[in-house]
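Work out the full structure, taking the sequences as your base and the hints as a guide.
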Amino acid sequence: MNRQYVLKKIIYSLITIFAVLVFNYFLFRVMPGNPLQILMRNPNASAEAIEKTKELFGLNKPAHIQFFIYIKSLFQGDLGTSFLYKGQPVTEVIGSRILPTLLMIGAAEILAIITGIFIGVISAWKRGTKIDIISLSFSLISYSMPTFWIGIVFVTIFCVQFRIFPTSGMMTPGLSYSSFMGKSLDVIKHLTLPVLTMSLVLIGQYALVMRSTLVDVLTEDYITTAHAKGFKEDYVIKKHAVPNAMLPMVTLIAINLGLVIAGAIQIETIFSWPGIGRLMYDAIKNRDYPLLQGIFLLVTISVIIANLLADLTYGYLDPRVKSRS
Amino acid sequence: MPQRNDRVQDILILKMEGNPMKKKIVVFVLFSVMLISCFTNVSFAAEEVSSLRIGVTQEIDSLSPFLSWSISGDEIFMLIYDSLVRVDENLEPSPGLAESWKLSDDNLTWTFVLNDNAKWHDGKPVTAEDVKYSYEYIISSGLGMYAGGLEDISSVEAVDEKTVVIKTNEPKANMLMSNAPILPKHILETLTIEELETWPNDSPVGSGPFKFEELNVGGFLKLVKNEDYFKGSPNLDEIIFVVYANSDVMTQALKIGEIDAVVNFSASHLEELNSVPEIEAVSAVVQGFTELSFNCSKDLDSKGNKLLLDKNIRQAIEWAIDKQNIMDVVYYSQGEVGTTLVPPGDYYHYEPADELRSFNIEKANELLEEAGYKDIDQDGIREDINGNKLSFLFTLRSETPEEVKAGQMIAANVEKAGIELKIETVDDGVLIDKVYSQDFDMFIWGWGTALDPTVILNVMSTKEIGNLSDCNYSNEEYDGLLLEQQTIMDETERRKVVWEMQKILYDDAPYIILFYDNSLQGVRTDKWDGWTRVPEDGGYFFNLTYTNYMNVKPNIQTADAVSDSPQEQEKSGSSSTALIVAAVLLLAVVSAVLIKRKKNSTEDDDE
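Chain order of the listed sequences is A and B. So the first sequence is residues 1 to 325, counted in our numbering. So the second sequence is residues 1001 to 1607, counted in our numbering.
What the hints contain is simulated information worked out from the structure, not anything from laboratory work. Every value quoted in this text rests on a predicted model; they were computed, and no experiment measured them. Ideal placement from N, C-alpha and C gives every residue a C-beta, glycine not left out. Please note: incorrect hints may appear among the correct ones.
Derived DSS-like pairs: lysine-lysine, alpha-carbon spacing no greater than 25 angstroms straight-line [claimed, not checked]: (1) K1405/B to K285/A; (2) K1162/B to K1124/B; (3) K1306/B to K1422/B; (4) K1463/B to K1298/B; (5) K1306/B to K285/A; (6) K1363/B to K1389/B.
Distance ranges between label pairs, derived from CB positions [as the list claims (entries may be wrong)]: (7) S1266/B to L14/A: 46 to 52 angstroms; (8) P1125/B to L14/A: 42 to 48 angstroms; (9) F75/A to D1152/B: 45 to 51 angstroms; (10) N1274/B to S178/A: 36 to 42 angstroms; (11) I157/A to E1278/B: 19 to 25 angstroms; (12) E1278/B to S178/A: 27 to 33 angstroms; (13) K1119/B to F26/A: 39 to 45 angstroms; (14) S1268/B to I305/A: 41 to 47 angstroms; (15) F75/A to D1122/B: 56 to 62 angstroms; (16) N1274/B to I65/A: 55 to 61 angstroms; (17) W149/A to L1356/B: 42 to 48 angstroms.
Written out as structure tokens, the structure is:
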């Protein structure tokens, strides 16, 4: 039963990935924009040179043939070559951006999840008190503040005024490190502001959702029962209320995890962080179909995997989900 | 009394023993502090080489000169590679890889003698064969931005180790204006011609004053000096081009000294930067312009508004635009109002005299009245005799907020002459498609021009329709003059023809040259000495020369200032260490509290 449930979820996910793959491929070809013109900014391009370039990037074949070539090479781990980064394999271009993206988003998510849940729980627990009002207003403000603006404010405060952190990039450019530790510390210094900015927005969101679900849960009968049994308040919250309030949080976190891979464009732009978001923007601007497809594929897969994980976590958190399906 | 002391100690010990978790935390905190303080020292030890950090907003698109199509590429190839001829501070040809050259009496045979000491970065000597191989590949493949400059070369021969003979069918007036880089044959020949078309050139080997060190895509590009450069080693150790995705942040980085120079910051920051005594910010004249382009296609398939084929309307629009006001408001007056195709400051620039169309709304209205465009239905928009309204689609690029603002002001200007402009804002890709499918009325974009006027004049020729031409302009007389001017070796004579061409264009007005906008550049003068603007009113970088990269040196006079900066770094280093320590401590306290809670609740559970 259990194995069947997991298997079913995985198969569904695979089907979804394939459907999106097909859809994406044709979507990019219906969109306006002729990549050939961007490739061939050659004042003296002869007909032969144009033909050569077409052949080079496989643009001379009919669309459906291009599609089958794409699917085939996809299974060989080949996503084609980027137009924008002339001739570099898409896998390499994206590959160089995955680690920075995961590092920043991973750190921001972890920070936001821990702090967000913590604030949400405190707020629900002490609901109606001053603590609740303070944390609720903090959450609302942080949730509604424009990311771009927070970023610029942080740069002004921490980089220009106090000069604690560097303004941009992932490493001090051109510095040669004598040890891996030195490098790590440099990265951490560069990482701090983007992570703070990004998590600030997420914290508000998480705290608000956590608070409202927990407030709901706290009015349930079994909570009254637990109190009646004589358990202390914090024990009831931790053991009886929070686990039940976690379900919507899991969904929210899963959705965010999938989307943030692509959705950090603003932060990546302010702090010149070499992430996937900026890469995607450049790819769109330059009609770089193979690169865009590669990024979309990555984003799709991460959204689907995040959802799969959410489904499986659900099954773990709430056995009813498993038995029902 | 001693008893009491003992008791306190006992209690302390008891407490510690009673809570092993706390002990662990203390050890953890101490360990972290030690570890962190030792990283901090490590990362600031490597601050001794003089490295020039230049903030840029555009990244190199390819390290291969055959594939790159960017200004950044051009700038970096100039440092890594040599061209036969370089440009000096007066923008005149000066020896590059070629020490000397001469032209035969019939103006068809050029002989270049290479520098004896020129060596590739891997130690091998540069020979005439390298020149032959590079030129022949660029010419035969037609690939990249350097192919245009080598047009019309019929043969390249290596006479001996150090002598190259280049033959042309017609005299080639722009031969010495080509900056095509010479690449090493011994590396190129290991690749097939087809492989070269996608060759990433990951670790370029050149002969230039700087060696390629590292490219961190989306981050930076690092070059180090070539100690054995045949014209003398540069004064600085390394150049790092740092890519910024946001130019406001880039400006702040210059202000606090994180970088030493910036290129192309926003005009709104000029005053702010100039108020910092250690920074010199300039508004540099660069070769280029921003234009309003009309669809002049006479093609039946063209989807452009046919009314725009009447040059009276195009001229009337120019009369109606208050360029100076837009220049002041949008570009903070950093540049000049535009007139003709070749920018001022260039030897070949043509300045319209009597025919100059400067802002005059009466003239615009007069011209339209005379041409028979009247507002019959009194709705504020003129019509032609068939009742077609003078209403056009005006496409603007979302990439540049300045152009969008300028476009809105133009639309407001032109409305007073009874012409309606409907604005649409699109991204570059969409506009490029519209241009190639001739599906547009008018738009704003810009061009960068080169030392050789042929490059920009060529854009307006008939043969470039469907390729470089973005206004579909066609004029036989103009096309004839374009070919002619390339073959006139006498500069004054050549200029006459180039002037004639610009006069034709100004009269026909397929383009309205709106502005010659400046490039804003800033440098730090506290850490670096010897900055030169090239030409006099030009910039420090992207000025076709390598003057500043070669001459600028770390500031010795303010040796204190130099030694100051590591101290400053250290200070910031230690303050961030303090911050990290504080964070770790906070975390420890929080976890201690949580653990205590947990313990308490477990006890409760047992109850």
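Here's how the hints hold up against the structure:
With a CA separation close to 21 angstroms, the supplied pair K1405/B and K285/A stays within the 25 angstroms bound. The suggested pairing of K1162/B with K1124/B holds, with an alpha-carbon distance near 14 angstroms, which does not exceed 25 angstroms. At roughly 16 angstroms between alpha-carbon atoms, K1306/B and K1422/B fall within 25 angstroms of each other, so this suggested pair holds. At roughly 14 angstroms between alpha-carbon atoms, K1463/B and K1298/B fall within 25 angstroms of each other, so this suggested pair holds.
For the proposed pair K1306/B and K285/A, the alpha carbon gap of about 30 angstroms is over 25 angstroms, so the pair is violated. With a C-alpha separation of about 20 angstroms, the suggested pair K1363/B and K1389/B falls inside the 25 angstroms cut-off, and the hint holds. Distance hint check: the CB atoms of S1266/B and L14/A are about 48 angstroms apart, consistent with the given range 46 to 52 angstroms. Distance hint check for P1125/B and L14/A: the Cβ-Cβ separation is about 59 angstroms, which falls outside the suggested range of 42 to 48 angstroms.
Against the hinted window of 45 to 51 angstroms, the Cβ-Cβ separation of F75/A and D1152/B comes to about 49 angstroms, which satisfies the hint. The hint said 36 to 42 angstroms for the Cβ distance between N1274/B and S178/A, and at roughly 39 angstroms that hint holds. Our hint of 19 to 25 angstroms for I157/A and E1278/B holds, since their Cβ atoms are close to 22 angstroms apart. Take E1278/B and S178/A: their Cβ atoms lie about 30 angstroms apart, and the range 27 to 33 angstroms holds.
In this structure, K1119/B and F26/A break the distance hint of 39 to 45 angstroms, their C-beta atoms being roughly 53 angstroms apart. For S1268/B paired with I305/A, a C-beta distance near 44 angstroms keeps the hint of 41 to 47 angstroms intact. The hinted window of 56 to 62 angstroms between F75/A and D1122/B is violated, with their beta carbons roughly 40 angstroms apart. One distance hint, 55 to 61 angstroms for the beta-carbon pair N1274/B and I65/A, holds here, with the actual separation near 59 angstroms.
For the pair W149/A and L1356/B, the supplied restraint of 42 to 48 angstroms holds, since their beta-carbon distance comes to about 45 angstroms.
Hint compliance for this structure: hints 5, 8, 13, 15 are broken, all remaining hints hold.
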